[in-house]
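Visitor: With the hints as a guide, dock the two chains, each given alone in a separate frame, to form the complex.
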Amino acid sequence: MKCRKCGGTASLELRRHNAAFCAEDFVEFFRNQVREAIRKHRMFTREERVLVAVSGGKDSLALWDVLIDEGYDTTGLYLDLGIFDYSVESRAKCETFAARRGVPLIVTRVADEVGAGVPVIKQVTRRPPCSGCGLSKRYLMNRAALEHGLPVVATGHNLDDEAATLFGSVMHWQMDSLPRQSPALAATHPKLVRRVKPLYRLSERETAAFAFIRRIDYIVEECPFAVGATSIAHKQILDRMEDASPGAKHNFLFGFLDKARAAFERAEGVALQECTRCGQVTTSTVCAFCKLADQVKRATS
Amino acid sequence: MKVLLRNPRREVSVPGNRRVKDVLRELDILPETVLVIRGDELVTADQVVRDDDVIELRPVMSGGRA
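Chains as they are written, first to last, in our numbering: chain U, 134 to 434; chain E, 695 to 760.
Hints were generated in silico from the structure; no laboratory data involved.
All values reported here derive from a predicted model rather than from experimental measurement.
The beta-carbon is built from N, C-alpha and C at its ideal position, and this holds for glycine as well.
Just to be clear, a hint being listed does not mean it is correct.
[As the list claims (entries may be wrong)] Sample of chain U residues lacking proximity to chain E, with all beta carbon distances greater than 12 Å (derived):
no. : residue
1   : G190
2   : I201
3   : E203
4   : G204
5   : E246
6   : A344
7   : Y351
8   : I352
9   : V353
10  : K368
11  : D391
12  : Q406
13  : T416
[As the list claims (entries may be wrong)] Covered stretches of chain E, going by a simulated chain U footprint (3 or more residues, C-beta under 8 Å):
no. : segment
14  : 713-722
15  : 732-740
16  : 749-755
[To be verified] DSS-like mimics (lysine-lysine), calculated; alpha carbons at most 25 Å apart, straight line:
no. : chain 1 : residue 1 : chain 2 : residue 2
17  : E       : K715      : U       : K135
18  : E       : K696      : U       : K138
19  : U       : K270      : U       : K226
20  : U       : K270      : U       : K430
Here chain E stands alone, though its shape is the one from the complex (with noise of 0.2 Å):
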């Protein structure tokens, strides 16, 4: 599947049909640090995304505080 990701954006490939979770854990990512989306819908740990998916990882973190 392909996995985009931000901050920077950038495009990963991830080999055949897995879930979330061990997508997330594959590229080091804390699942309640991203929303996991496929099309206009969210998806949580537990779905399987399949090899011809595309998610995207979108990054909930914002601010900045000296």
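The following block holds chain U by itself, in its conformation from the complex (with noise of 0.2 Å):
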């Protein structure tokens, strides 16, 4: 197999694109794919200093290195989740590059904030392990992108993530979830800083060759909760039909995202407010992550 651009060797064959690619000229490709969604959707200006939330996985450290290099100006931040060995060696690839490429990286240990780590969380909750991971995260991003006076967060979510995350959307019709799902949310309120996803272009596999052909270290190991999860499943079923008929991933979430997320869109936008108790962004009078705090309060105590 020949690459696409220069005629050499191809490392890696992209179906869906029904192209392939030497090491060097993918690099190009992978960063012109996310120059693209920067540009597409007005993410952030060369101006703006950009939170970009990392865990040690390919997908985030990928999307710092490529923001590093096209000279943005970045500050990493790791949330540890108290997910044992996981959460340990996660860190470490996490502070490792960030010393390496001399990039400042804020930690916030979720145990600190919530008062327990995702292990104590999942069992307080009885609900997926994933769910009060990510209700924390999401906070906790916002209100250190807050407290640090950065306008943006930029998270590694990508093609895979963001089709499989569709089709769960879709296949319980979660009207409130559909319209939110975007590469790009803007800031609807002061308190909420945008949030958005410049991977969103590229495939699992893309990132994943361009952390190995960059050689960054990154956690190949899965989160020992994210076993069984509905998303893995999901992604799973969108494999086989990826198989099938290369590109299926590309067309599902870009064509919903070209064609249809105006139409699940609200005539009235939902009412915004600040938590009685933190102060962060709500629907209702205390927030979801409040409510997690003290659920989890009262289980420990």
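Guide: Structure representation (structure tokens):
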């Protein structure tokens, strides 16, 4: 197989693009896709400081790597979830990356903020662990950005993540989730920062290949709590569809974004207010994060 | 050849010189779900790996949401 650009031996075949690239030209293809995402959705400008949420996995570190090389002023945020060895190892990957690239990294321990780490949150809530984990992450990312005066949070969500989320939302016709699914969510309240996903045009395999070629040391092992997660099952279903019909995931996600998403937007906006306890933005009196912290406190005291 | 697999970490042996795509088919792995790594390089599905090669099939999936 030959590289589409230079004709040399290819390292990676991209069936959905009917193309193959050598390592060097693939890296350029990858960066172009990120540039296009940032441009198309006006994710951030050169003057804005960007908070990059990093987990130690391939996606977020690949994203950080690209943004640094593109000359953006970035700060990393690692949320220590307290998931045993997995968190110890993933934190070390982020710290090593930040030190090597000479970029600042903020580390926040979920246990310090919620009262316990994800393993206890899982037991207390009796809900899937990804549920309390996701809630805590979204809250703490927004708060960290506000506290440090950064107007935007960038996450490493890729095409596969977005297609799997869309698939889950459609399977249950979650009318609230569908309009919120977007590569860029504007700040709709003074205490909410913009949230962007610059890797949404790139598949999971492409981000893994980029991280490998760039010799980014990332955590390959799966989060122990992700085993059996619904989103993983949805990804596996979509992988089968992609194998039978290359481009299926891309068409599913991009078709939604280009043609269908607007139809799900509600005429009247949701009323946002500030949580009476912590002051962060919520749709009710007390926000979901404070309720979670209360629940953890009751169960562990 | 020796084939290294992850999650869980294990090692299997596939005899002979084979095309990557045939190795993946034999192990029932979809090509889009792994990176195929030989030494410090990525290998495409049409390439032949030799009996004395060691390859790693690194899964690319991550994440988890309820």
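Visitor: Decide, hint by hint, whether the structure agrees.
Guide: Hint check:
Consistency note on G190 of chain U: stated as away from chain E, yet its beta-carbon is not over 12 Å from all of that chain's, at 5 Å minimum. With a least CB separation of 21 Å from chain E, I201 of chain U remains clear of the 12 Å interface cut-off, as annotated. With a cut of 12 Å on Cβ distances, E203 of chain U stays outside the contact zone with chain E, its closest approach being about 23 Å. For G204 of chain U, the requirement that its beta carbon stay farther than 12 Å from each beta carbon of chain E is met, with the minimum near 27 Å.
Distance check on E246 of chain U: its Cβ is at least 20 Å (rounded) from any Cβ of chain E, clearing the 12 Å threshold; non-interface status holds. Non-interface call for A344 of chain U relative to chain E: violated, since the shortest CB-CB distance, roughly 9 Å, does not exceed 12 Å. Remark: the non-interface label on Y351 of chain U conflicts with the geometry, its nearest Cβ contact in chain E lying 9 Å away (cut-off 12 Å). At roughly 9 Å from the closest C-beta of chain E, the C-beta of I352 of chain U falls inside 12 Å, breaking its exclusion from the interface.
A cut-off of 12 Å between C-beta atoms contradicts the statement that V353 of chain U is not in contact with chain E; the least separation is 6 Å. Remark: the non-interface label on K368 of chain U conflicts with the geometry, its nearest Cβ contact in chain E lying 6 Å away (cut-off 12 Å). For D391 of chain U, the non-interface assignment is confirmed: its Cβ lies about 23 Å from the closest Cβ of chain E, beyond the 12 Å cut-off. No Cβ of chain E comes within 12 Å of the Cβ of Q406 of chain U; the nearest lies about 26 Å off, and the non-interface call holds.
With a closest Cβ-Cβ approach of about 19 Å to chain E, T416 of chain U is found to remain outside the 12 Å limit, as its non-interface label requires. A stretch counts as covered by a chain when three or more of its residues have a beta carbon under 8 Å from one of that chain; for the segment 713-722 of chain E and chain U the count is 0, and the coverage is violated. Check result for the segment 732-740 of chain E against chain U: holds, 6 residues qualifying (beta carbon to beta carbon below 8 Å, three or more required). Chain U is given as covering the segment 749-755 of chain E, and this holds because 4 residues of the stretch bring a CB closer than 8 Å to a CB of that chain, at least three being needed.
Proposed proximity of K715 of chain E and K135 of chain U is supported: the alpha carbons are some 16 Å apart, at most 25 Å. Proximity of K696 of chain E to K138 of chain U is assessed by CA-CA distance (about 32 Å); at most 25 Å being required, the pair is judged violated. Proximity of K270 of chain U to K226 of chain U is assessed by CA-CA distance (about 18 Å); at most 25 Å being required, the pair is judged to hold. Among the hinted pairs, K270 of chain U with K430 of chain U is consistent with the structure: their alpha-carbon atoms are about 18 Å apart, no more than 25 Å.
Of the numbered hints given earlier, the model fails hints 1, 6, 7, 8, 9, 10, 14 and 18; all others are met.
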